[in-house]
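Visitor: Residue numbers (our numbering), protein chains in the order written: chain L, 1 to 542; chain D, 1001 to 1301.
It is worth saying that the hints were derived from the structure and are not from the lab.
Please note: incorrect hints may appear among the correct ones.
Here are the computed lysine to any residue pairs in the SDA-like style, where the Cα-Cα straight-line distance is at most 25 Å [stated by the list, open to error]:
(1) L:K49 x L:V153
(2) D:K1127 x L:T385
(3) D:K1127 x L:T197
(4) D:K1127 x D:L1161
(5) D:K1127 x L:T194
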Amino acid sequence: MTALAVPARKAGVGLTGTTSLLRLAARRDRVLVPVSAFGLAAFVALSAKATFALFPDLASAQQGMASTLANPALVAMYGPISSLSIDSIATLKSVLLGGVFLALLAYVVVRRHTRTEEEAGRLELLGAGVVGRRAALTAAVLLGTAAVLLTVVLTVVWSIAVGLDPAGSVALGVSWLVMGLSWVGVTAVAAQLTSSTRGTAAWSLGALAVAFLVRAVGDTAGGDSPARFLSWLSPLGWGVKVSPYGENRYWVAVLGLALYAALVAAAFVLLDRRDLGSGVLPSRAGHDRSPVRTAGALTRRLARGTLVGWVVAYAVLGVVLGSIAGSVETFVDSPEVADMLRAMGGDAGSITDIYFSTELHFAAIGASALAIALVTRMHTEETTTRLESLLATPVRRTGWALGHIVIAVVASAVVMLVSVVVAGLVHGADVGDVGGTVGRLVGAALSTLPAVWVVLAVAVLLYGALPRFTGLAWAALIVFLLLGEFGDLLDLPGWLVDLSPFTHLPALPGGTVGAAPLVGLTLVAAALSAAGVAALRRRDIG
Amino acid sequence: MTSAIQVHDLRKTFGHTVALDGLDLDVATGEIHGFLGPNGAGKSTTIRILLGLLRADGGSATLLGGDPWHEVETLHRRLAYVPGDVALWPNLTGGEVIDILARLRGGVDEKRRASMLERFDLDPTKKGRSYSKGNRQKVALVAALSSDVELLLLDEPTSGLDPLMEAVFRDVVHEFRQGGGTVLLSSHILSEVEQVCDRVSIIRAGVNVESGTLTDLRHLSRTTVRATLARPVDPALLTGLPGVGDVVVSGDRVTCTVGGDDLGRLLEVLGTHGITALTSAPPTLEELFMDQYRTTSTATS
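Put together the whole structure using the sequences plus the hints.
Guide: Encoded structure:
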């Protein structure tokens, strides 16, 4: 794409056509945005309602949730609880998690209408019409902002309707506004920096992961540790600091709005300084020769960048997990809570073991996301017609698909192992038993892999049999996550909760392992993958 | 004469759309075969069935003596394919893609690779995302021509190339044929087909409507004759001649069309009236093409 650097006409502001682009974008997202907004609002309202139904009074709620309140693993995941009110207990899990989902929605919407369009060349088509240079970015930012506002308003109204404190519900809205708008800004900037959709994803999601980890460290730091300040450096930390149903710090909105304004302004400055189709970061010249000899080697070569990013991210996660582990024992000072935690873990593990077990199950969900991303690349290869060029060589479909499956299996195992080895080194040095800690954590990490394989196999089956619905693999992962998180709370039937492969994982380290569930998961994964590959062999390509 | 590609009564439907409706195609070994047809005629569908990407619903297709659906591995070592819209991996360079595709096919002919890069004037160090349409096309062409194959399947391979590069392409394809190779060239650029191809097949709505050498096809089609005569001629005399039609006489000028086989007889008759000026235009491929479309569209409607 040769981008002619035609300077924006001095006369206009480059916004011509924004309305039509916005209308087009809104039309394309007419399902995604309302359904997501509704889903997120329902997530808050229904889980709050379920909590009210579960606990007849405040005392029983406090007692019932004591383990949760005291477990740093959960504090790392959900943020500290705002207060000991029943409203606060009822929304503990939804404030931060929902905010992260909202940030993801903002990211998806903004990316879709900026860099994705540009990479596909459609923006060029539109840009050749009567559309100003800044119109596409403006439309994307407006639509992202509208999606965030819609979700926030719906959530606040529904929360008040189910009986949550109105002032606190508004604060919840402020919290989500801060997190959602921040990623409208982050994604707008990322789309200008890089010249590919994947690069935009890496920057935006990388920023989300860093923001999450930074506030996890801050939120779990001890009472007078200077690390507590870290939570104020992360937009996700701000979301938690709003403290809905507790202190209701509305003023934190100022931080979020300021960041949003600054990032959007920066995105427009960057936009004015680059050519259509390119990024601010230059696309460098590369090698003129390639050592790749097989389709598998090509798949590995193409996955390299993603894999490096994930290994780094999981190593950082390992450091965070390992350092938090040290404070777990001190977090839980009352023997009653310790007993309860043990009861929850089911086995006679230590509290630190239960902490690691909980976190590793979350890490496994992340590794499943990596596996889906790598497997669904097959679909991308097919829709871009690059697969056609490959299959016109002696490469066989089955071999090509197996190459992707192997990479996904290996990559998910590698990131899990990297995180536990790092966590084991950090925590092991803390307690003076590096070898033992690393060994136990490696075993625990390996025990989560069969669940990852099942998710991976669902993606393979979808791609092989119903390629148009490959994206549903992501929906399956989210459903598994929600079943695990809210299955008990919403009192869902056991068979439904059991659909999630993660339900069947042993509580390791510390717990006992039965071979049956792990073998069962592995067999299910093998059967689904085989069915997917068999379907791919028989169907038309393209 | 052996056939590199033999397709008989090939059928393929996508949902309710009939893409191929009993297509026949015969490409002889060692020839450059033009594959012509309007958009949606089924050219790409045929090529994709020949590549084993699509499974035919009916009929038979034989490629280099093998079954394109089952013998992918052995057949694909012997052929190369260039699509009309080349998609490259955004973070691999053109040089890397050329190496990868050629190696997967069985090996890179280093001398050919270097000479093709030079002739097509392609910079192999640029990343896939930064190539223009024409340059992406060149990457696929160089990749196809850098390995040692006997058959080229080219699906509108020159879309986006400038005229200079089209000329290079024509030379390269000729050389390939001189080396014993066979080419199936689907194209919209009629002048290209006219200059390059030994035989052509014109397909429409999934059916082969005409196959043959250009000379054959010209015979089937009508030549336009314009003459100025010394002595006026009776239009009825001309209309009565075999193979002559569209007769218009105005004063001393005569215009009519005639089938290839009846041209001589027409000229004899015109000669008796004293020809003072004569033009005879054999149909261009474009006229053949249009002619086929018109006749078949009236035949089917």
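Visitor: Please go over all the hints and tell whether each is borne out by the structure.
Guide: Now the hints, each set against the structure:
1. L:K49 x L:V153: 18 Å, holds
2. D:K1127 x L:T385: 18 Å, holds
3. D:K1127 x L:T197: Satisfied, since the Cα-Cα distance of roughly 15 Å is no more than 25 Å.
4. D:K1127 x D:L1161: 19 Å, holds
5. D:K1127 x L:T194: Satisfied, since the Cα-Cα distance of roughly 14 Å is no more than 25 Å.
Hint compliance for this structure: no hint is broken.
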